[in-house]
Amino acid sequence: MSSRRHLSELRGNSDLYPRNVRTGMYAWLFHRITGLALVFYIILHIFVIASVNFGGGSFDATMRLLTSKPFVLIDLTLVAVVLYHSLNGLRIIFFDLGYGIKNQRGIFWALMAVGTVIFVFAAVASSRLLFRA
Amino acid sequence: MSITDTKPQLKGQNVATVNIFRYDPSTTDEAHYDSWQVPITGSMTVLDLLFYILEHEDGSLAFRYACREAICGSCALYVNGTYRLACKTQLKDLKATEINISPLPHLKVIKDLVVDMDPFWEKYERIRPYLITRDDLPEKEFLQDPADRLKMDDMVDCILCGACYSSCPQCWTDPEYLGPAALVKMNRFTVDTRDQANQERTKIFDNEHGVWRCHTIFNCVEACPKDINQTYSIQHLKRRAVARRFGGK
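Residue numbers (numbering that gives the first Met the number 0), protein chains in the order written: chain A, 0 to 132; chain B, 0 to 248.
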């Protein structure tokens with residue numbers, strides 16, 4: 000006689016919700032998420048830059064706020080998002096031109112390595128703002 | 000006589016726990032997983048396992064199979080989190096003592112492991128998967144240069160099991176999308192030097208439910224039990240569609 004487990008118990012980990020999610024799927028998913036984040040950022044950016052309309056003093060105050068420590072950290076997140084979106088975008092362009100389709104995982108990780116190097120460089124460059132007295 | 004009368008003894012053998020998805024629309028039972036202990040022998044495949052359960056445990060288990068040698072594409076299943084053909088997957092290769100067997104995800108379940116493949120076949124029909132010629136056919140064989148034949152080597156291996164179609168997030172969200180398998184076959188006829196219907200074929204795949212729905216997610220490539228690179232074919236069709244729109248052939 001067989002024993003039974005009902006699907007309602009298994010819902011969270013059922014094989015009907017595939018778990019075979021590999022590099023390509025994650026790359027696509029994060030590309031979408033970072034894309035949305037960048038759209039949000041562009042709108043925010045327009046509002047911030049628009050502060051110049053209220054006189055130079057207002058713009059200087061905004062700039063002072065943006066160089067404060069929490070905003071430097073947010074900026075670093077932005078660097079990571081832009082790096083991911085642009086580098087994975089390059090990968091997608093390679094595929095559209097017909098290059099590297101059979102080596103998509105290798106290309107993904109190679110570009111992510113490049114992204115990490117650039118990010119470390121950006122983090123070091125901004126450390127002057129983060130660790131100032 | 001009950002079917003369990005001839006059941007082999009489990010003594011001294013490797014035993015695996017097998018969980019199989021069950022759903023029977025003729026009863027009021029909810030979909031659930033049934034569990035069995037099954038003795039494992041050396042070269043046993045997932046299909047052998049299903050036969051064991053059918054013969055010794057539950058005669059009402061429904062699953063598809065035909066050729067038993069990975070050429071008919073009937074037995075594609077979702078086993079331990081991967082798309083596999085039941086007939087060519089040996090249990091020892093799963094490297095697990097617990098084996099979960101589900102029908103192909105994201106397709107309507109008819110009964111147990113049998114899913115409704117109609118949407119898949121409908122897409123396959125839409126791409127006109129046969130040679131279309133304008134000129135008179137040759138009297139004997141339709142000769143082809145070996146070099147030209149080599150161009151479609153990757154695509155002819157497809158056995159239409161539906162694993163890629165079931166794994167593709169674009170197929171889940173767009174019921175009209177042709178899907179990886181149909182597009183691979185489309186590419187097979189597009190690169191065929193004997194086929195003379197490239198104009199009409201381009202119209203079928205050059206639209207929002209055709210190649211442009213593909214976002215190079217590569218789930219199909221991961222899923223394919225025949226190691227076909229579907230994305231390679233789809234990207235080839237994309238380039239062909241672009242070339243046509245810029246006034247090429």
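Simulated from the structure, these hints should not be mistaken for laboratory data.
Some hints could be false.
[Said to hold, decoys possible] Here are the simulated DSSO-like cross-link-like pairs (lysine-lysine), alpha carbons at most 27 Å apart as the crow flies:
id: 1; chain 1: B; residue 1: Lys-107; chain 2: B; residue 2: Lys-225
id: 2; chain 1: B; residue 1: Lys-94; chain 2: B; residue 2: Lys-225
id: 3; chain 1: B; residue 1: Lys-107; chain 2: B; residue 2: Lys-91
id: 4; chain 1: A; residue 1: Lys-101; chain 2: B; residue 2: Lys-87
id: 5; chain 1: B; residue 1: Lys-91; chain 2: B; residue 2: Lys-225
id: 6; chain 1: B; residue 1: Lys-87; chain 2: B; residue 2: Lys-225
id: 7; chain 1: B; residue 1: Lys-225; chain 2: A; residue 2: Lys-101
id: 8; chain 1: A; residue 1: Lys-101; chain 2: B; residue 2: Lys-150
id: 9; chain 1: B; residue 1: Lys-225; chain 2: B; residue 2: Lys-150
[Said to hold, decoys possible] Simulated restraints, written as ranges between beta carbons of each label pair:
id: 10; chain 1: A; residue 1: Phe-29; chain 2: B; residue 2: Ala-196; range: 52 to 60 Å
id: 11; chain 1: A; residue 1: Phe-58; chain 2: B; residue 2: Pro-168; range: 42 to 50 Å
id: 12; chain 1: B; residue 1: Thr-172; chain 2: A; residue 2: Val-38; range: 56 to 64 Å
id: 13; chain 1: B; residue 1: Arg-127; chain 2: A; residue 2: Ser-125; range: 55 to 63 Å
id: 14; chain 1: B; residue 1: Gln-89; chain 2: A; residue 2: Val-113; range: 36 to 44 Å
id: 15; chain 1: A; residue 1: Leu-28; chain 2: B; residue 2: Val-113; range: 26 to 34 Å
id: 16; chain 1: A; residue 1: Ile-92; chain 2: B; residue 2: Asp-92; range: 35 to 43 Å
id: 17; chain 1: A; residue 1: Val-119; chain 2: B; residue 2: Ala-196; range: 50 to 58 Å
id: 18; chain 1: A; residue 1: Val-113; chain 2: B; residue 2: Arg-125; range: 17 to 25 Å
id: 19; chain 1: B; residue 1: Arg-125; chain 2: A; residue 2: Phe-29; range: 53 to 61 Å
id: 20; chain 1: B; residue 1: Gln-89; chain 2: A; residue 2: Val-20; range: 19 to 27 Å
id: 21; chain 1: B; residue 1: Asp-226; chain 2: A; residue 2: Leu-28; range: 36 to 44 Å
[As the list claims (entries may be wrong)] Taking beta-carbon pairs under 8 Å as the criterion, some of the chain A residues facing chain B (in silico):
id: 22; residue: Arg-21
id: 23; residue: Trp-27
id: 24; residue: Arg-63
id: 25; residue: Gly-88
id: 26; residue: Ile-91
id: 27; residue: Phe-94
id: 28; residue: Asp-95
id: 29; residue: Ile-100
Idealized CB from N, CA, C, for every residue including glycine.
Hints versus structure:
1. For the proposed pair Lys-107 (chain B) and Lys-225 (chain B), the alpha carbon gap of about 24 Å is at most 27 Å, so the pair holds.
2. Simply put, Lys-94 (chain B) and Lys-225 (chain B) have alpha-carbon atoms about 20 Å apart, close enough for the 27 Å limit, and the pair holds.
3. Between Lys-107 (chain B) and Lys-91 (chain B) the alpha-carbon distance is near 30 Å, which puts this suggested pair outside the 27 Å criterion.
4. This hinted pair checks out: Lys-101 (chain A) and Lys-87 (chain B) have alpha carbons roughly 24 Å apart, not beyond 27 Å.
5. Restraint check: the Cα-Cα separation between Lys-91 (chain B) and Lys-225 (chain B) comes to about 19 Å, which is no more than 27 Å; the hinted pair holds.
6. Of the supplied pair hints, the one linking Lys-87 (chain B) and Lys-225 (chain B) holds, its CA atoms being roughly 10 Å apart against a limit of 27 Å.
7. Using a Cα cut-off of 27 Å, the hinted pair Lys-225 (chain B) and Lys-101 (chain A) holds, with the two alpha carbons roughly 15 Å apart.
8. Proposed proximity of Lys-101 (chain A) and Lys-150 (chain B) is supported: the alpha carbons are some 16 Å apart, at most 27 Å.
9. A distance of roughly 17 Å separates the Cα atoms of Lys-225 (chain B) and Lys-150 (chain B); the hinted pair therefore holds under the 27 Å criterion.
10. Distance hint check: the CB atoms of Phe-29 (chain A) and Ala-196 (chain B) are about 40 Å apart, inconsistent with the given range 52 to 60 Å.
11. For the pair Phe-58 (chain A) and Pro-168 (chain B), the supplied restraint of 42 to 50 Å holds, since their beta-carbon distance comes to about 44 Å.
12. Between Thr-172 (chain B) and Val-38 (chain A) the beta carbon distance is about 20 Å. The supplied range of 56 to 64 Å is therefore violated.
13. Remark: the range hint 55 to 63 Å for Arg-127 (chain B) to Ser-125 (chain A) is upheld by a beta-carbon distance near 58 Å.
14. Hint check: Gln-89 (chain B) to Val-113 (chain A), Cβ distance near 40 Å, so the stated range 36 to 44 Å holds.
15. Checked against the hint of 26 to 34 Å, the C-beta distance between Leu-28 (chain A) and Val-113 (chain B) comes to roughly 31 Å, which is consistent with it.
16. The hinted window of 35 to 43 Å between Ile-92 (chain A) and Asp-92 (chain B) holds, with their beta carbons roughly 37 Å apart.
17. At about 54 Å, the beta-carbon gap between Val-119 (chain A) and Ala-196 (chain B) stays in the expected band of 50 to 58 Å.
18. Taking the beta carbon of each, Val-113 (chain A) and Arg-125 (chain B) are about 41 Å apart, not inside 17 to 25 Å as hinted.
19. About 33 Å separates the C-beta atoms of Arg-125 (chain B) and Phe-29 (chain A), a value inconsistent with the hinted range of 53 to 61 Å.
20. For the pair Gln-89 (chain B) and Val-20 (chain A), the beta carbons lie near 25 Å from each other, so the given range of 19 to 27 Å is met.
21. Checking the proposed 36 to 44 Å range against Asp-226 (chain B) and Leu-28 (chain A) shows it is violated: the Cβ atoms sit about 24 Å from each other.
22. Evaluation of the Arg-21 (chain A) hint against chain B yields a held restraint, the C-beta minimum of about 5 Å falling below 8 Å.
23. At a threshold of 8 Å, the smallest CB-CB gap from Trp-27 (chain A) to chain B is about 4 Å, leaving the interface hint in force.
24. The interface hint given for Arg-63 (chain A) is broken, as the beta carbon of that residue sits about 42 Å from the closest beta carbon of chain B, more than 8 Å.
25. The restraint placing Gly-88 (chain A) at the interface with chain B is violated, with a minimum CB-CB distance near 11 Å, outside the 8 Å limit.
26. Evaluation of the Ile-91 (chain A) hint against chain B yields a held restraint, the C-beta minimum of about 6 Å falling below 8 Å.
27. Taking 8 Å as the C-beta cut-off, the interface hint given for Phe-94 (chain A) holds, the closest approach to chain B being about 5 Å.
28. Checking Asp-95 (chain A) against chain B: minimum C-beta separation of about 7 Å stays under 8 Å; hint holds.
29. Proximity of Ile-100 (chain A) to chain B holds as hinted, the smallest CB-CB distance being about 5 Å (cut-off 8 Å).
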